[in-house]
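Note that the protein sequences, when read in sequence, are chains W and X. Just so it is clear: in the first sequence, position 284 is 284 by our numbering, and no numbers are missing. Just add 1000 to the spot in the second sequence (first one is 1) and you have our numbering.
Simulated from the structure, these hints should not be mistaken for laboratory data. Please read these numbers as outputs of a predicted model, since none were measured by experiment. One should not assume that every hint holds.
Subject to a maximum C-alpha distance of 25 Å in a straight line, what follows is the list of computed DMTMM-like cross-link-like pairs (lysine to aspartate or glutamate) [unchecked claim]:
| hint | chain 1 | residue 1 | chain 2 | residue 2 |
| --- | --- | --- | --- | --- |
| 1 | X | K1013 | W | D181 |
| 2 | W | K206 | W | D19 |
| 3 | X | K1094 | W | E93 |
Incomplete in silico selection of chain W near chain X, CB under 10 Å [as the list claims (entries may be wrong)]:
| hint | residue |
| --- | --- |
| 4 | Y50 |
| 5 | P52 |
| 6 | S69 |
| 7 | M70 |
| 8 | E71 |
| 9 | V72 |
| 10 | T76 |
| 11 | Y86 |
| 12 | S87 |
| 13 | D88 |
| 14 | R102 |
| 15 | S105 |
| 16 | R106 |
| 17 | G142 |
| 18 | P226 |
| 19 | L233 |
Beta carbons: idealized from backbone N, C-alpha and C, even for Gly.
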Amino acid sequence: MIKVEKLSKYYGPVKAVNDLSFEVSRGEVLGFLGPNGAGKTTTMKMLTCYLPPSSGRATIFGYDIMKDSMEVRKRTGYLPEKSPLYSDMKVNEYLPFVARLRGVSRERVRSSVDMAVDSCGLGSVFGKMIGHLSKGYQQRVGIAQAIIHDPELLILDEPTIGLDPKQIIDIRQLIKSLGTDRTVILSSHILPEVNQVCGRVIILDKGRLVAVDTPDNLREKLRKFPVTRVMTLPAAVDVSTADILNGIEGVTGVRETACDGNISNFRVESLPGMDLRNDIARRLVAAGVPLIELRNEELSLEDIFIQLVTEEKD
Amino acid sequence: MRKFTAIYSRELKYYFRSITAYVVISIFLVLSGYFFFSIFRFYNVLSLQAIKNNDFSGNLNLVDGVMRPVMGNISVILLILLPLLTMRLLAEEKKQGTFELLLTYPVSDLEAVAGKYLSALTIFAVMLSATLLYPVLLLVFADPEIPPIISGYFGLFLMGASFIAIGTFFSSLTSSQLVAGVSTFGVSLLFLIIGWTAPLAGPVLSSILSEFSILVHFESFSKGVIDTKDITYYIFLTGFFIFLTLRSLESARWRS
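Isolated chain W, as found in the complex (with noise of 0.2 Å):
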């Protein structure tokens, strides 16, 4: 339903975006991650309509986002960085007036108005001043007058940037919310929110796209060694743990990492595709070594990242 090819953008010499492809398909959450300055908002405003690509092309539910701009625009809610808003409005004046510039019926303005307050819980603050509200309370108005009219896309970039722990908690269950039953598009350089938001993640670097994938098989494919966590304590009897550890078939690697009192820390690395847990548990047992923690590290989405950005430069 979105489908974007060799999508490039230039402001002056500067190559924003470079060749950008990729595709979407309907109800599904997409990640834009990246470092500042990697192309994820410009990118977001080409979807939009707001800014024209300098090469390539995309369609949105087969709109070329050029030539059907309008029929783009009235399928698409926006919501930009720092989510801009009339502060001299009330959140009752103003998402009216969203809903009738999306074009949403007079009869429906009303129902719209409703469903986009309880979707981002702004009851409490329906008659107050924009300018008057919380960060927190303004990004819902933003997030609310991106879905007024229902939209079957819903860009958002950097939706949780500014905010407290506790609102940025509360945004993103809004959006996991409102991504069962549409396509969301969510840029932002915090891995966590894209790893627990996203279905699906695209990493760009410097304009260009460095992966796309779901986080779990961004995991599991830049896992060049599984690599697994033992903790134990001293042994009764006089035996080399790491001896012990390397004595294990598809072990390639052992390195004590520290030592914090009497317990050791050791990373075992073994070959591709080997879940060794079991294997190290009966031998170091069988061997009077006390096993006080083992488990197999999760590669997280910072590691991911950086390794892809890194391998980009070399």
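Using the hints provided, position chain X relative to the given structure of chain W.
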């Protein structure tokens, strides 16, 4: 049409909520009232002298003696105050970032510009019609000629409409309200005084300069003559700057 009325009524509401409208309208009325008062006082003195000196009385009438100078002064107040009314129209949206949202709504540039332009024009119409009190006062106590007053007001309205169009255009060019206001004032002033150099220029240039002048075209209105040439001039000037505003919005998408 609904999108246009949404923008129009929002803008109108803003003018009154932000007290801009109250400030501009009241300052306008204080100044124009002062001009009316002082010109009328002067006319009074002149009339008293005319009673004593019979040769003078034939040239005195309320339209030439009071209303024309008052309207001339009103046009100068408009030149100063209307840029203050128009400078925020688009510049503020650009500064706040709401301009970006507006352009991603399924609203045509024409609907957006028309809503904003007509809201400022409405405020201007309100403030201009409040000054109708002056000719009404004259009507109560004397017997001025009515047609030149009506045509004069029509001319003032057209003049204000073109100042507002110039203002809308400059507001679309920048995110700084100050820059928009000063540019509007400068360009409007230029259109007002461009005819001054006409007598010094050669025959061709002279007629071109006076054709461009807002004041030259206003003159016949204030004399009670409604000429299609003058109406066309104001409509063209207004239409031209509205057209430029639309092109400027369109280019905002392309230039960035």
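Here is how each hint holds up against the structure:
| no. | hint | verdict |
| --- | --- | --- |
| 1 | X:K1013 x W:D181 | 36 Å, violated |
| 2 | W:K206 x W:D19 | 11 Å, holds |
| 3 | X:K1094 x W:E93 | 21 Å, holds |
| 4 | Y50 | 5 Å, holds |
| 5 | P52 | 6 Å, holds |
| 6 | S69 | 9 Å, holds |
| 7 | M70 | 5 Å, holds |
| 8 | E71 | 8 Å, holds |
| 9 | V72 | 9 Å, holds |
| 10 | T76 | 7 Å, holds |
| 11 | Y86 | 6 Å, holds |
| 12 | S87 | 7 Å, holds |
| 13 | D88 | 6 Å, holds |
| 14 | R102 | 6 Å, holds |
| 15 | S105 | 9 Å, holds |
| 16 | R106 | 7 Å, holds |
| 17 | G142 | 9 Å, holds |
| 18 | P226 | 46 Å, violated |
| 19 | L233 | 59 Å, violated |
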